[in-house]
Amino acid sequence: MPQFLEHSGTSWKGQKVKHDQSLIDRLDPRLRVVLVTLFAFATVLSHNFIVLTVAVIAGFLLAILAQLNVKRTLRRVIAMDMFMIFLIILLPFTTPGETWFTLFGLSASKDGFLHALMILLKAHAVVLSLLALVGTISATTLGHALAHLRVPDKLVHLMLFTVRYLEVIGQEYKRMRRAMQARAFVLRTDMHTWRSIGYLIGMLLVHSLERSERIMDAMKCRGYKGQFYLFDDMRMGREDYRFIAIFVPFLCILTGLNFI
Amino acid sequence: MHIVDGALALPVLATGAALTVAGVAIGLKKMDYDHLPQVGVLSAAFFIASYIHLPIGFSSVHLILNGLIGLALGWAAFPALLVALFLQAVFFGFGGFLVLGVNAVNIALPAVMVYYLCRHGISSPSPKVAATWGAIGGAGSIVITTVMVAFSLMLSGEAFLLAAKATFVAHIPVMVVEGFVTAAAVLLIRKVKPEFLGIDEERAYG
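Top line first, the protein sequences correspond to chains A and B.
Position in the first sequence (first residue = 1) + 2 = this note's numbering.
Position in the second sequence (first residue = 1) + 344 = this note's numbering.
Because the hints were derived from the structure by calculation, they are not lab data.
The beta carbon of each residue, even a glycine, is placed where N, CA and C say it ideally should be.
Any given hint might turn out to be false.
Pairwise CB distance ranges (calculated) [said to hold, decoys possible]:
no., chain 1, residue 1, chain 2, residue 2, range
1, B, 370, A, 109, 42 to 52 angstroms
2, A, 100, B, 495, 25 to 35 angstroms
3, A, 105, B, 512, 23 to 33 angstroms
4, A, 178, B, 502, 40 to 50 angstroms
5, A, 248, B, 373, 40 to 50 angstroms
6, B, 509, A, 223, 50 to 60 angstroms
7, B, 362, A, 106, 49 to 59 angstroms
8, B, 513, A, 186, 29 to 39 angstroms
9, B, 536, A, 49, 53 to 63 angstroms
10, B, 374, A, 215, 15 to 25 angstroms
11, B, 457, A, 154, 22 to 32 angstroms
12, B, 510, A, 24, 39 to 49 angstroms
13, A, 248, B, 401, 51 to 61 angstroms
Let's have the full structure, built from the sequences with the hints guiding it.
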């Protein structure tokens with residue numbers, strides 16, 4: 003995969019930093035997590051093209067509503083496409099069925115093409131809604147929302163720690179790479195590169211771990227007992243109920259369309 | 345390595361989710377609050393590893409490092425990798441949402457297997473033996489992961505057979521690179537901070 007299509011190296015903050023305040027931001031984070039899960043189920047379990055088309059349009063609308071940064075979102079969607087492009091291209095040729103067209107002596111079946119199209123629609127609908135509804139929550143708030151949704155305590159703590167260390171390790175990695183570059187290190191396909199990168203990763207882990215131990219000690223000094231307190235009590239407001247009033251009937255219609 | 349939403353059949357999704365829940369439950373039980381920072385560091389390292397691109401001829405591969413994570417964490421690799429994959433899915437649209445269970449089990453189960461297989465080897469007194477076991481762990485975890493990804497595709501439909509085979513072939517360079525890199529990392533950590541890999545210093549050097 004070309005490098006420029008990869009998720010942009012350093013920014014793990016997701017969409018949070020680069021989008022304007024929108025209607026979606028005012029909604030309760032818990033509600034957003036729950037609704038996106040329901041939407042994903044409704045989309046992935048469906049085999050109906052009308053449903054999937056509607057779902058993709060809904061995904062787009064949510065992305066617009068959340069005022070996602072266009073360039074960044076596009077880059078992520080294309081990066082996801084690169085993951086499955088192989089699968090999609092192969093599918094028409096590997097699915098048995100009556101020949102639809104032939105390419106270089108290989109026959110493509112219509113069934114396979116439709117199946118590929120279905121996967122494309124599902125993947126895009128889910129990723130757009132996910133980026134719009136959950137990707138816009140800051141990582142810490144998301145952690146708290148999950149804790150309020152009864153996700154195990156330890157798992158939420160782990161997520162909060164991970165988010166913190168992403169920044170630390172990312173910076174440490176950049177610092178060490180710069181030091182290597184200053185000593186004229188260039189990535190090649192040879193043993194020397196692999197060994198150096200292995201040492202880099204080893205050192206990165208050791209540095210980060212020692213740092214994390216210091217942080218842990220400092221936290222214990224201040225009375226940390228293995229629990230973060232969730233101060234923000236999330237409350238459903240009028241806007242939340244209004245959003246539910248639109249979104250839940252929409253989900254019902256989406257599910258109902260399958261049986262018509 | 346990540347599979348996107350919509351490609352897999354429902355039974356495969358359900359099995360993946362069930363296995364992940366079980367693995368995470370065991371992992372969380374074995375992990376106490378004092379270990380959280382270490383697990384968090386490795387979870388973040390998995391995330392960072394996916395932007396370390398190494399050139400292979402005209403192309404490039406990125407590291408996965410699930411072998412190293414498994415060696416360091418054992419069962420706690422399950423929660424660590426689930427969290428990393430969840431963050432990737434939510435903030436980068438990397439992989440899917442409902443396939444999270446399948447993706448997590450495909451990457452974390454090999455990590456746990458490598459832990460039981462190679463834990464003894466990497467604490468050997470001889471650096472050469474330890475490096476070899478590190479390489480086996482690094483390459484082996486990618487082999488198992490790729491086979492599992494291929495299986496999850498195949499079980500979802502005959503039509504995926506060719507794609508599953510192609511996935512395996514495409515990942516052979518990753519296995520080689522990951523083997524060498526993990527071996528080097530194991531060697532270094534053994535020297536600098538053996539307790540990170542759960543190695544008893546006296547056994548290795550005494």
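Practice item. State the violated hints by number, sorted upward, taking the hints as numbered earlier in the document. Key: Violated hint (a single one): 7; every other hint is consistent with the structure.
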